[in-house]
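Put chain B on the given structure of chain A with help from the hints.
Protein sequences appear in the order of chains A and B. All residue numbers for the first sequence refer to our numbering, where the first residue is 2 and numbers rise by one. All residue numbers for the second sequence refer to our numbering, where the first residue is 2 and numbers rise by one.
Derived by calculation from the structure, the hints in this document are not laboratory data. You may find that some hints are simply not true.
It does not matter which identical chain is meant; a pair holds if it fits inside one copy or across any two.
Once the Cα atoms are required to be at most 20 Å apart in a straight line, the calculated EDC-like pairs of lysine to aspartate or glutamate come out as [what the hints assert, rightly or not]:
1) Lys169 / Asp268
2) Lys183 / Glu130
3) Lys183 / Glu173
Spelled out, the chains give:
There are 2 protein chains.
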Amino acid sequence: MSFRDHIRLCNNYDPARVVPLIAGNDRIGLLRRDNAAALQRFPHVFAVEDDKARLLASGDAAVVSQAVEGVVDALVAENRVPKWRNETFDVAPRWGAPPVFRLDRGAVPFFGTRAYGVHLNGYIRERNELYLWVGRRAPDKRVAPNKLDNVVAGGIGNGHGVEETLLKEGEEEASIPTGLSKGAVPAGAVSYRMETSLGIRDDVLFVYDLDMPADFVPENRDGEIVRFELMPVAAVIERVRATEDFKFNVNLVLLDFALRHGVLRPDDPEYLEVATGLHRPLD
Amino acid sequence: MSFRDHIRLCNNYDPARVVPLIAGNDRIGLLRRDNAAALQRFPHVFAVEDDKARLLASGDAAVVSQAVEGVVDALVAENRVPKWRNETFDVAPRWGAPPVFRLDRGAVPFFGTRAYGVHLNGYIRERNELYLWVGRRAPDKRVAPNKLDNVVAGGIGNGHGVEETLLKEGEEEASIPTGLSKGAVPAGAVSYRMETSLGIRDDVLFVYDLDMPADFVPENRDGEIVRFELMPVAAVIERVRATEDFKFNVNLVLLDFALRHGVLRPDDPEYLEVATGLHRPLD
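So that you can see chain A by itself, here it is in the shape it has in the complex:
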């Protein structure tokens, strides 16, 4: 592995394998061609053409969501979509725009709608050295079981804000009191577009840094993390470079952290690939 391998893995998207999903005049998703073909069975909800698919269901978000839910039900029965996650994401042409509908998280890659998450780099500084709190994901996680993760990370469910999600996930995943996590500093976003077995992940991760008290030990409450460990950031980055121990997108968040804090330096042969590879422009 190398840094660039992690970046490539998260950006393996090939536009030739995909058609846009259109609502009105806006693209709201990216359908792999096999997934688009599977929607032909639902002509009251989707019009599937050679070069695009169009959402036909209209009305307010609740009405459209119900129509799409019927489709997702059938896709789950066909095993094209994993079972319901019972957590819905807003689907909109861009961040901040009113949602066209809400979609169960499990169906998001099938439709290739953009998903937003929050990742927190929880660090301590001791004698000018940085250490990062790292979590080990539970073995029963659907995505990336047993992989290493940021101290807090979560998807932004419909109707929830960025900071609100950070505070909620901070409590559930790491028992971080909101009085502490409110001090987290927003530091940009990591973005990538990735084809997986299910479809397209078109992801934007809001990134925060939190300077944590040296005596605070994170503790998981929701069963998603089995163990936390404090690691020197230089060791974290060498592990990113050499292994796939971290969840695929967490590698990118950690590289962004290392860049911003001067842990990676311009004499690293991959410096510019990292500096220009973590922020796929949105379109």
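Just chain B now, with coordinates in the frame of chain A:
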């Protein structure tokens, strides 16, 4: 103006207006079609075809540089290239690769070869507020006269390293002792591709932050900056948002600084455009 206007201005590159400049198997530049046509007069140095131009001169960097210098001489005489800057940049297929030739800085946009620079955000922190040192460029600067600038910024000339350039420019432009500027923290790179009247700027700016002593006042030595001023970073960013007072690419460096330090926050309507718009992937 808005943040996105600054990003768009620096990324107004249109591939349809350009052909690649090829050396061996590598692209080393981007020639606007009118500039490519102007090279047809030099068939011993360049082979100009419909969809590309090829460097024919071969040999070591010194030999090729000399052949290209003859061409640049003629282009200067025709006013296609501004007069010699007497400072040369390495031309290479990618950062760190051996140079194919060296090119006078004034001719870089004509050939659209990638140029590298260093920008330093010199800041002080007082009562949890950040202030940035800002310079006013001299009225006789060829590029962006009278515009506001980072405290230190300079191109990386051939054979010089990133940190070496930072230290040298820090002394010349702002009288920063090298003992101080050695403490600057590398924080990534800003990249963009821009068409100007001269051709294509394909720029990569290495970015550093320097926490400056509160009692240090920068002083210019080389005549390139007429005045330095300490400004609250929030005021700097509002000035970026509303005006064109800063040099075109400095807006991007300042937005990157504001993002990394939590001065811009996710509730800003342009947050994601900024977070994903400052790091054009290299190709």
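Consistency of the hints with the structure:
1. Lys169 / Asp268: between (39 Å within a copy, 18 Å between copies)
2. Lys183 / Glu130: between (24 Å within a copy, 18 Å between copies)
3. Lys183 / Glu173: within (15 Å within a copy, 42 Å between copies)
Of the numbered hints stated above, none is contradicted by the structure.
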